[in-house]
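Here the structure of chain A is known, so what remains is to put chains B, C and D in place on it, guided by the hints.
Residue numbers (this note's numbering), protein chains in the order written: chain A, 1 to 345; chain B, 1 to 345; chain C, 1 to 345; chain D, 1 to 345.
Check each hint, because a few of them may be wrong.
The list treats identical chains as one, so a pair stands whether inside a single copy or across any two.
To be verified - In silico DMTMM-like pairs for lysine to aspartate or glutamate, Cα to Cα no more than 25 angstroms straight-line:
1. K93 with E332
2. K73 with E119
3. K32 with D63
4. K70 with E57
5. K70 with D90
6. K73 with E97
7. K20 with D176
8. K70 with E7
9. K70 with E265
10. K32 with D219
11. K158 with E231
12. K6 with E265
13. K32 with D183
14. K6 with D176
15. K6 with D309
Hint data in this document are derived by calculation from the structure and do not stem from the laboratory. These numbers come from a predicted model, not from an experiment.
Number of protein chains: 4
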Amino acid sequence: MMIVMKETATDQEIAAVIEKIQGAGALAHPIKGARLTVIGAIGDVEQDVNIEGLGLEGQPGVDRVMPILKPYKLASAQIRHGERTVLQIDGRKIGGEHFALIAGPCTVESREQVLSTAETVRDAGAAMFRGGAYKPRTSPYAFQGLGQEGLRLLAEAKERTGLPVVTELMDVRDLDVVLEVADVIQIGARNMANFPLLAEIGRSGRPALLKRGLSSTLDELLMAAEYILKEGNPNVILCERGIRTFETDHRRVTLDVMAVPILKELSHLPVIVDPSHAAGRRDLVGPLSLAAAAAGADGIIVEVHPNPDEAVCDGPQALLADDFADYVVAVERAAALAGKAFSTA
Amino acid sequence: MMIVMKETATDQEIAAVIEKIQGAGALAHPIKGARLTVIGAIGDVEQDVNIEGLGLEGQPGVDRVMPILKPYKLASAQIRHGERTVLQIDGRKIGGEHFALIAGPCTVESREQVLSTAETVRDAGAAMFRGGAYKPRTSPYAFQGLGQEGLRLLAEAKERTGLPVVTELMDVRDLDVVLEVADVIQIGARNMANFPLLAEIGRSGRPALLKRGLSSTLDELLMAAEYILKEGNPNVILCERGIRTFETDHRRVTLDVMAVPILKELSHLPVIVDPSHAAGRRDLVGPLSLAAAAAGADGIIVEVHPNPDEAVCDGPQALLADDFADYVVAVERAAALAGKAFSTA
Amino acid sequence: MMIVMKETATDQEIAAVIEKIQGAGALAHPIKGARLTVIGAIGDVEQDVNIEGLGLEGQPGVDRVMPILKPYKLASAQIRHGERTVLQIDGRKIGGEHFALIAGPCTVESREQVLSTAETVRDAGAAMFRGGAYKPRTSPYAFQGLGQEGLRLLAEAKERTGLPVVTELMDVRDLDVVLEVADVIQIGARNMANFPLLAEIGRSGRPALLKRGLSSTLDELLMAAEYILKEGNPNVILCERGIRTFETDHRRVTLDVMAVPILKELSHLPVIVDPSHAAGRRDLVGPLSLAAAAAGADGIIVEVHPNPDEAVCDGPQALLADDFADYVVAVERAAALAGKAFSTA
Amino acid sequence: MMIVMKETATDQEIAAVIEKIQGAGALAHPIKGARLTVIGAIGDVEQDVNIEGLGLEGQPGVDRVMPILKPYKLASAQIRHGERTVLQIDGRKIGGEHFALIAGPCTVESREQVLSTAETVRDAGAAMFRGGAYKPRTSPYAFQGLGQEGLRLLAEAKERTGLPVVTELMDVRDLDVVLEVADVIQIGARNMANFPLLAEIGRSGRPALLKRGLSSTLDELLMAAEYILKEGNPNVILCERGIRTFETDHRRVTLDVMAVPILKELSHLPVIVDPSHAAGRRDLVGPLSLAAAAAGADGIIVEVHPNPDEAVCDGPQALLADDFADYVVAVERAAALAGKAFSTA
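Extracted from the complex, chain A is given alone in its bound form (with noise of 0.2 angstroms):
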């Protein structure tokens, strides 16, 4: 860490932030300039977190503290040397050169529904089917999902496709019974701070498939990412699905297409995207999608449903599933483009 004394900052308030830092038993490394001085902190690993600590943002003289290691490391790409993480749901590979296409109604609404969209994905070439059982819904007067039933859906359709599921968990006492369905389990943008979920999923060792928040930075991401790491899980699936800006005329929210490279330099973890909930209109999710794969995302999360103009949730954002087929031979070509080969079982 760095503590950038203030242009005014005394002889006597440089030699007590010195002498604080090596209080706690770290190396104070002063370098006065023409204008100002510089004190470098440096400790092992584990004394940089005391030396945050030491409030010396607070102190007498300090113009400001920047902090230079990342505050993650399970997360970090440092961490695997550079090597990056492929995961195995259920014999699908995701990360590295493995590109996983997830796809299913945003929720679950029928035992109709349910089959006949996770058929068409399977058909299509998805490797995971998506659903939700338990919905997030900024009203308390909306929809709030099917629950247990439709868990048991999915794990209807999981028994007859084959295809691995994906569902949301929001409530940490429900942690159980999506245990019994989920091979992937998701925690939605609205909890990705809620860092109880985080520690039981990350106790429950199932592979989590994260998603960031509207307005976390990539650091915030991964410090979520490192909570679940932090209990001995090491499968978590990073998702970009759009922040808050001040462009709202158009869209919810704006896909940050960046965040991709981003983390993916940042952490060895598989970084995928969700262009449904970025997009919240059907003609922007190609689009996003095709640019999404070829800026070298490892995976979509992608609605699809039968008959959206129908559905309970978020029809306008759902592809048709009579397009589904052309759809996926899109994705495919843009995915080839970044290097990446679709993952089947």
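Using the frame of chain A, we list chains B, C and D on its own:
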């Protein structure tokens, strides 16, 4: 809700939208302009929700769907016909003409720290005492709070000073132990959209201090409040604590002081401000507190520490206990500018 | 335009709004709902502008005024009935099925640098050559460009390679000298809302490359284009180059790749992307270029330098001249995914 | 400047960076930590600029380059050793303990409107009169101001009331005619980074009121001020007027009240607030004005109109002339809270 048709929409497409609205039992009012057609869809309050589920946004010929009615009901100003809610917390009033100052340390660290701070803030005129036993931390390696031992110390501080206690709940499984101590349950910014947590607090009936998420719109904040109100708990305090913007050079977040008068227009609930987390730096807490009070806030929740340099958490933003009495005098004068009097037992 | 009345609006207030609309020569369509009244105000195209001047937003009983018609006309997709504009710049086409790669150094530094880069980009298949003679710099102490000497070198590069020249104008008083060299006049992000500059470029008739401001909405970008189009100059290229968001840790701006398909829906004008300024780092330029092309951009403007380490300006984001041919091949394949062919003389 | 090397950087890469720094005539201080190396590069003030031109960001092994020194000099608080600048505009002081209220209509519309408003604001205690003759408008079809006729009316208002005139310049070619009337030249938010305009106003020596761009950081605002100061014009007033954020439901921009204390820490220049453009709605102007004054602003620039319903531009945000005297009394009390007295002739 208004449905704006595209300029290229055909008569059939317009007719199909009208039919869909009527099929949902609502009235459709088409208005044909020189360049395009707009269709007003009017139902009663419950039907509005149904219209939203029609998926008109994906319909051919539809440009966009603009909601007219606000999505929250119990939180809206209209439901109380403009009358403001005044909560009573163990005799302290908040809302209307009553300004409540809530003060205390970020985190409960030790018996000595908690008791001395509680006495300081009571002597200076605070209405309630705040302190965290469970701390949501970005890093899994950071101090996570004293937990139940912290709650015990808060109970002791309450017994000693008579001040009602405000403390955070972040895991729904801790509700019962928190209820034993908390006069007001704080919901942190990260948990604003943790809907199961909100619903449980709603069911508990205990007053809730609901912090705005870092990228939550005011409508989303009010929808979160609606989750609590809907369970029959009318005791919700809204709290602005800074939002994420592009400005990150000299601070972590940007205080949205405009949120105060706008929330008071939209809702009957009390609105307070957290200048400590908004500022992140002690020297900004004073100006932001005066700004919040002058803008009409119903209260302030602020961090105070007897020795911030040694605080385990957020020391740089804590006011010095020695300066607190002067701070209170200044805030009281700013609140008076907005027609409010300090609330005491 | 729709006028949403407050739930508390009186009949008199509603009548007053209707009267005001009718007084402006427009038609008022009141729709009375269960909770509130909405008034549709419909005029012909010219009257819409007058209605906006009525100040209805401040009127008693009015909750909000929602515009229906898009404020731009000449830039809108409707005016060309969905047909896309294809510009011809000295024989190079851009728009429709034609993808134009514009490449060159950020800044003109020397004769050797300009000529060698121009040859590199021509040989690799670029359609146009870019280079800055006038540079808007955040700091008044930074290098501000070679000015007229820079323009002379660009002219020489054009003569040598046959590539049309794209260069920036930032002071309206330099228009004449820039017109002597520029085949396309670039308007930088900071000048997107410099309306006198836009109007003069409009009057000049010279093709304009209009960069989106860092916090400009797409509607504002199209209104800026309208300033040029209104003067009788139909030759406008829109350019997305990254926007300001809360995410500032690992980059300066966030590329808004969604802007590409949305702008193409809203407008008939060609839409290109500047991955260099969006990225700010060389390693991100490749992924962002592929994403932009796959999302359907009509072109890319990218920075290339023979020796970026010694570049006067923005070296870290410049592609290496030696890598440029491989880059072009990859971009060409991504553009093909979106149905576009590279444009050449 | 600090250069943070990657964890994977080799000794050769570290040596190459050190060599480059020394080659620029600066001193390099490497600090080897447990996980990575940081290199402090220290020159004298002028050399810092040179180091920035080294392109170290693109260098192999370099993770990031962190500037230490603030990029502005003449605008910085340090240059005046903490003393605050107090400007005198025709006898009215602004800055330090002096609070200046600047009021008037958004746009000059008619002789009657200008003269009556000028008298109203003078009688109520305003220090200066504002009014726009040249108006930057998002739409090329909107009213663009009365131009020179507007300037003539402002001159008459000044003669009649004795109030100094604040008016906007948006085209560098209008500088001479504006100089004939303006006591203070306003630079609008859209032109904050119009560097040729800033430089010309700098050369003119006339006091400048510089509005912050909608997505400008505070450092960028101070760099824009530096463009004026560098030309030998020390008379710059900084103005916060709201920034772009994700919150667009109930307003156009978000007032950044934190900018007031932060700018006053960073710079010696006076800092004022424009609550009218920040609010966009009359009912918010009062609370925001009190907040700004209580937070320590050195002044306010506010819009007033005798009959806002008929205003050509921005009527909904104008205070009613009839309410203005009460408004002034409230603002004066809020300014007093921050230790400031109203400035008069």
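Hint by hint, here is what the structure shows:
1. K93 with E332: So K93 and E332 pass the 25 angstroms test inside one copy only (15 angstroms; across, 29 angstroms).
2. K73 with E119: neither (40 angstroms within a copy, 41 angstroms between copies)
3. K32 with D63: Both. Shortest intra-copy (15 angstroms) and inter-copy (23 angstroms) distances satisfy the 25 angstroms Cα cut-off.
4. K70 with E57: both (18 angstroms within a copy, 18 angstroms between copies)
5. K70 with D90: Answer is neither; intra-copy 33 angstroms and inter-copy 45 angstroms both fail.
6. K73 with E97: The answer is within: 24 angstroms in one copy meets 25 angstroms, while 47 angstroms across copies does not.
7. K20 with D176: Classified as neither; 47 angstroms inside a copy, 41 angstroms across copies.
8. K70 with E7: between (27 angstroms within a copy, 11 angstroms between copies)
9. K70 with E265: within (13 angstroms within a copy, 29 angstroms between copies)
10. K32 with D219: Between. Shortest inter-copy distance 24 angstroms satisfies the 25 angstroms Cα cut-off; intra-copy 31 angstroms does not.
11. K158 with E231: The answer is neither: 28 angstroms in one copy and 36 angstroms across copies each exceed 25 angstroms.
12. K6 with E265: Between. Shortest inter-copy distance 11 angstroms satisfies the 25 angstroms Cα cut-off; intra-copy 34 angstroms does not.
13. K32 with D183: neither (56 angstroms within a copy, 44 angstroms between copies)
14. K6 with D176: Neither. Shortest intra-copy (54 angstroms) and inter-copy (42 angstroms) distances fail the 25 angstroms Cα cut-off.
15. K6 with D309: between (61 angstroms within a copy, 18 angstroms between copies)
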